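In order, the protein sequence lines correspond to chains A and B. Counting from 1, one number per residue, gives the positions in the first sequence under this note's numbering. Counting from 1, one number per residue, gives the positions in the second sequence under this note's numbering.
It should be emphasised that the hints constitute simulated quantities derived from the structure, not laboratory data. The hints are all genuine.
Residues from chain B that face chain A, not an exhaustive set, calculated with beta carbons under 10 Å:
#1 Gly24
#2 Phe25
#3 Met28
#4 Ser35
#5 Gly36
#6 Thr37
#7 Val38
#8 Pro40
#9 Leu42
#10 Arg44
#11 Ser53
#12 Ala61
#13 Arg66
#14 Arg68
The structure presented is a predicted model; accordingly, all values stated were derived computationally and were not measured. Using N, Cα and C, we set each Cβ at its ideal position, and we do this for glycine too.
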Amino acid sequence: MSVTKRLASVIVRTLVPFVPAPSRARWREEWLGEIDAAAPGRELLWRACGSWRDVLACRRLMPAPRRETPVFGLRGIADDVRYSARAISRSPGFTLAAVASLSIGIAATTTAFSAVNALLLRSLPGVADSTRLVHVFTVAAWLGGGMSSERSYQHYKDSLTSFSDLTAYSTVEVAIGTPGEPAVGTAVLVAPNYFSVLGTTAAAGRLLQEADGTQPLVVVSHDFAVSHFGSPAAAIGQVVPVNGLPLDIAGVAPRSFVGVRVTGLGESASRPQLWAPRSLRTMLLAPRADLINRSAPGDGTWISLVGRLRPGVSIAQAQAQAASVPPHIPSGTRGEARAQITPLGRGPYDSTADVAIVVGLALGIPFIVLAIGCANAANLQLARAARRSAEIAVMRSLGAPRGAIVRQLLLESLMVAGIAGTLAVLGSVWTTSLLDGFMPVPSPVDWRVLAFALGTVLITGVAFGIVPALRATRGDLTAPLKDSAGTALHGRSRLRGGLIVSQVALSILLLVLAGLFSRTLQRLHGVGSERDVSHLAAASMDLSLLKYSDARGRQFQKDLLARLEATPGVVAASVVPVAPFSRAPGLTYRTAQHTGRIPYRYTNGGAPLGRFIEAAGLRVVRGRGFTEEDRQGIPKVALVSETLARQMALPGDPVGQRVLVGDGDIPKIEVEIVGITADVPLWAVRADPQAMFLPSPLSYDARFSVWVRTHNDPALILPTIREIARELDPRLPMQRLGTAESWRDDETAPIRWIASGLGLMGLLALLLAGAGLYAVMSYLVASRRHEMAVRVALGARPRDLSSLIVGQAVRLAIPGLVLGGVLAAGAARVARAMLFGVSPVDPLALGGVSLLLLVVAIAATLAPALRAARLDPLATLRRQ
Amino acid sequence: MSEPALSYTALFVLQAVARGYRFGFDIMDATQLPSGTVYPALRRLESFGFVESAWEEDARARKHARPRRRNYQLTAAGRRMLTVANSRYRAVQALFPQKAERS
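Only chain B is shown next, with the shape it has when bound in the complex (with noise of 0.2 Å):
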């Protein structure tokens, strides 16, 4: 088996990713989870390349003023993983909230 483990944490915080949550603090507040558990799932998922992140463009922080966002996104490994997991943990899907749908 050479696909790394993930978490259950770890695969929810992958499904609100999915779901277009692109700011580590909007995670958390999709998901629920504090956020000494969403930034090392990212920081897991990141290293293991199933999302990749970037900083916000300039010209949005600079206009209020305030250090500029890191946004994370899925890749194809990550959506692969999911669609694998998801088929694996049907109850993952469920536990998510249905209308936070958005990208």
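Chain A extracted, bound-state conformation (with noise of 0.2 Å):
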């Protein structure tokens, strides 16, 4: 039997219970017949679905018999069911704009919590059951962090019995020597059983093994064997050069596994590309003489710990036998020490606070969108309930109990959350798979999601179902049944009035902080006018990947500057520490006036190889430059910006004074200032305008950024600098190349991408609350029909009436209007940090989004308005 044929009759199958009784033994064997004998293919299929209509034409023709006492349980439910349903399809406007409103929210709701599902619930992507794993470190007060060293790795591993095993890695950047250009990547240096503790299975190929000891293998990720040999098994045994060294891919990890640790989030996140012994460390990395200073987990010194759990064995009992054993302690170190072991939990990261406030914020603004459906949703609900009211008083006085009706209402309210569920999960598989982007692991929609989908619909469904299901069985029989008009806008519907007032507020508040952030980033792309950016180009290295030592990296830094510099079309080129518009480390200062407790100050600025001040474009407003001279040895000179100067306080001239200057630790250098620059926002996008600069280094730094001054297009440059660097060493990865505007508009892209989202869902809840609106107010008008009429009656003239109707939105729009300005304003205070030279309060922001609510509300309340005037008022009058 075919496929098609098989699934044609299971379809045929399931449909036969509903079919009648008297007719259900025939209409089973006709179906059953006619697909058998039917050719198979997808007509057959299609055949096959439409035999629900067929289930429907029998049910009509012979009908279920009348029950004749009410009968509750199940029996009872499913009548309820078929009452709800023909309900609401009763009125498929009201169903259409309340499930469209609930959608949006729990598809926006269902799809952060998939995201924060993948992140802290999900068990992590190639590892087996990683709730039996934990982290193991010494807890100290000189050590600070959740480090161990080589030497506690062999000690814990010997001592501690509460493990199957205990693995060691750390996590390094390296330069990869793919095909075509090196690239920086991550790599996991680890012990040979950590793929066999973490329960890790190949994709292709074989993991590392004890047996490997130094022999220069590596392990790639999925999407690196991928994107560089087109498939995993094609990448074994090809040859990828590490940071110069190279290395024989041994088998490729399984899809999305990271390991059992991310840095970072988003874009930023490191997705490790491979995994190397941690025996080849010495030969892939420097040696670096300041590991403790540095505290980076980098040097590959400093590892972390994972070890799996014998079976049977607790948490506790793990923790209570790490308390008893002693830790191991460099000699020479005192203060109180201990082993700790953590649970690894699930998910790639650590449950820190900064985690916690991601999450919260992810989920956060979704949660405020489902809320605004909710209220939208119960708006439509308490109109129609109150136009249903004669339906529910005939009901009541036919003697349903007040339980029934609600229990009836809610199922109707549950019923729409349950269709906008349903839509919500189809359309957050979509919006999930847009997510893979930014995510470090995968975040599809599992059960989970779909438990808390189907949670969010129950809650939703209720939530807004059950103030309109109370509200409408409350009160007398009869008021409903006379029919008598005139109830408006008193008492009953101020909680109609609250709800449209509270989403308008809501709508504002996201609105007002969309155009915060987009008003902030207006800022942000001046930021760097006054100094000419527009002429600017940065590349960023890292020398101690290749193992430079500081002598040998210095040089390089120098015919680097030398190349550049002889190129045709360069004005001014300079080796800094920090690349265009990130943070600076900063230097300090003293005085001779100096007091206060520390003895020196801290500012902006920075001691760059280099023409420094013509390569980024500052201006020397006082005094003179620096010179030739002034960049050989130990620095005797400094420039200081006018704020800067203004903050010393020196007495008389500045210029000329002599000041102690360091970079980072106590001033030492006497250097004399010559010069005074114009103020500019230098390094970061909100630093102050305060900075020193000296014409010559403090110290070296592998890590650099050159930036590069030209006279014509700063991207025509690009390929130059690739170019002048891998004449320099083939092997050096560049980490970023662009022209200062792109490397501005990296830094600002997380508030563009706030404000592009808030504007988003301020968009859409705004329609959301011009469509409540709406519905509201198209209820006002047929509810007024009566009293309208004998205003017309009275002499009222069409516009009178329509200028009633209006005059009623915007009478709900603006307390709505004020009340959003407040929340916003109030958040926007929180948020200020992020804002940038943007008060809270913004006219432009604010105004621009009231002149919007009231276009909206105005168009939403134009058709009501107009059905108002066209009221026939004989006719209206006549029908009472």
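Take the two lone chains and join them into the complex the hints point to.
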């Protein structure tokens, strides 16, 4: 039997129970007989799918016997469901509006939850049972974080018996010599038992094992194998130079495998490309003298330890054992130290406060949209319940208990929420696939996400249905039957008004925040206009990847500058510890007049190599700039910005005075101020304009950016920079290369995302608020027909009626606007750190949003107002 | 007016039965109507007594080792109905492929 035939008969068989009992056997045999005789194919499936209409036809012709006494339990619920389905399909407009409102909100929250799920709840891809894995580290005052040393790894491995095995890893940045262009990547140096402790199996080839020793082997990520070699299988046996050392690809890690921890979020999340044995680390990495000061995990000596608990051993038992084992302490250190074990938990991050904040933000905003959707649906439900008040009164006078009617109405709202939820889940299958680019681990719609969506549906269904249901069944029986009109906007509809006010307020909140962020963005684009960034390019690199000694690194930087400055079209070049527009470490200084507890003060600025003042485009307003002579040896002169010159409060002219300077340490070098530069926000997007510059570096930095100022378009110099760097060392990867404007755009990208995200949500929310306003106004016009007819009879003109309705709408919009404005001002105050040079009460953002709101309010009211104006008083009054 | 109202599609299906298309799926093939239309129409026609249905012979079904098929035939009332309808809606007849005659 073909697949389509089998599927078709499955479809038909599932429908059999719904056929009325007398004709069930015949129906079944007839359909199965036809399917059996038919030719297989897609057409057959369509026909089988159409059989439900035949079921309905059979039911219509042979109605189920009417029940005589009210039946409770399952049968009663089935009847209720049928009644509810009929009720909601009777007012398709209402259903459509409510479903649209809710599905946007549910889709937003479901998508956000799937991200949270991937980060905090789902087990790690490619790792077997991560709940049995723990981190082991030494806690000590002098140590700070949770890092362990190589020696303590051996120590814990020997002494902790609660583990079936203990492994170690460290994450480092490396230069990967992929075919074509060397690139910077993330590598994990792992102990040989790493993959066996994690329970990972290879997608192709084999993973690292104890027997490998110091063989130059490497395991690459699935993505790496696919993008460079086409498929995992094709990657096996290929050679990848890592920091100049050729390694053979032994295997490919499973898809999405990231190990047990990821640093960074979003696009900057470090997804490792390769896993190399720790035994190769001395060959791969430069020895670093200043390990402790740098506290960076990338030195290859500080490692993270992960153990798998022995079967039957609880975390508490393991912790108790760890507490009894004396930790390994380097000689010469004092103070309390102890071994600690923490469960690895799920997800690729430590569950720190940072992740919690991101998660809170990610869920918070969709929840606001969901709340608006809920308010909207409640509004529509209220209006509809009022329209059905006669029907409900009939039900009650026929003896239906209030509880039954409330249950009925709740069932209707749950069904609406269910339809919206189904659409939302289908939509979030698509939206979560969009998330994948931003997430270190995949975030599919799994059972947790589905359960979350179901919970959201139940809660929203009850939330927007309960109040209207209770209200609709309250009060006396006869009033609605009499249909006496004129119960307009008093008391009863205050709730409705409140809902409109709150959703207008919420959409205003989102829109104003979006406005503030885009104003911030505007300001950020203005940054640097004082110093002309339009002719600046920069490239960043890290010489420590290639194990350069300080002397060789310094020579490289000098050669690079010399070659760049010799290039036609280049005005000036400089080697700077930081990239344009990113935060700088700055300098410390001490004047002769210094007072205060701390013996020095801090300022922005720096001591770059080469002609920085010219390259950065700084203007010297007084005194002189640096000369070639100044740039030789230890700095003897300095330039200060106008603001710093004022802040130093030197007696008399600052030019010619002497101060002590240093780079982050206590200032020891005496320099003479030879000039003053114009104020510019120099380094970071939010930096203060105080700055000091020295003509030559105080120390060597292996990580640096080279800034190049050009005569023409800076984009034209980019290939030349790459070419020169490659001539100097072909193994060196360029970390980032671009014009200063592109660096600025990268730096402001998070704000741009926030602004556009808020703006989109705000617009959606405003659209929903508009729909809600429309619903309420339509309802008002309908329920005040009688009153308005009387008004017309008494001489009111159509214009008076429409202005009555518009006035009503404006009266609802204004308090919402005010409330939203106040909320936005409060929220902006909280988010002030991210608003650059924009006041939390920005008139342009507020004014623009208010105008937008008024336009939407009037548009939403137009149709109901026109309906009011066209009212025929005679016909209306006759109907009463 | 005592005769029940029939839709165009029901007439179309009746027409197909009259032309000798006996089984539900054959009627679909002939009329190009979906199953969700043809079967409800057949149920209605049967309830009005315009068509009657019976199982095909057991032996034939056993020969192909499959469930029996239900075949439909026009009743006398159905034939009368069709004559009235054909004179009223000539278009329905014209819609039908002529060469489909078989019995």
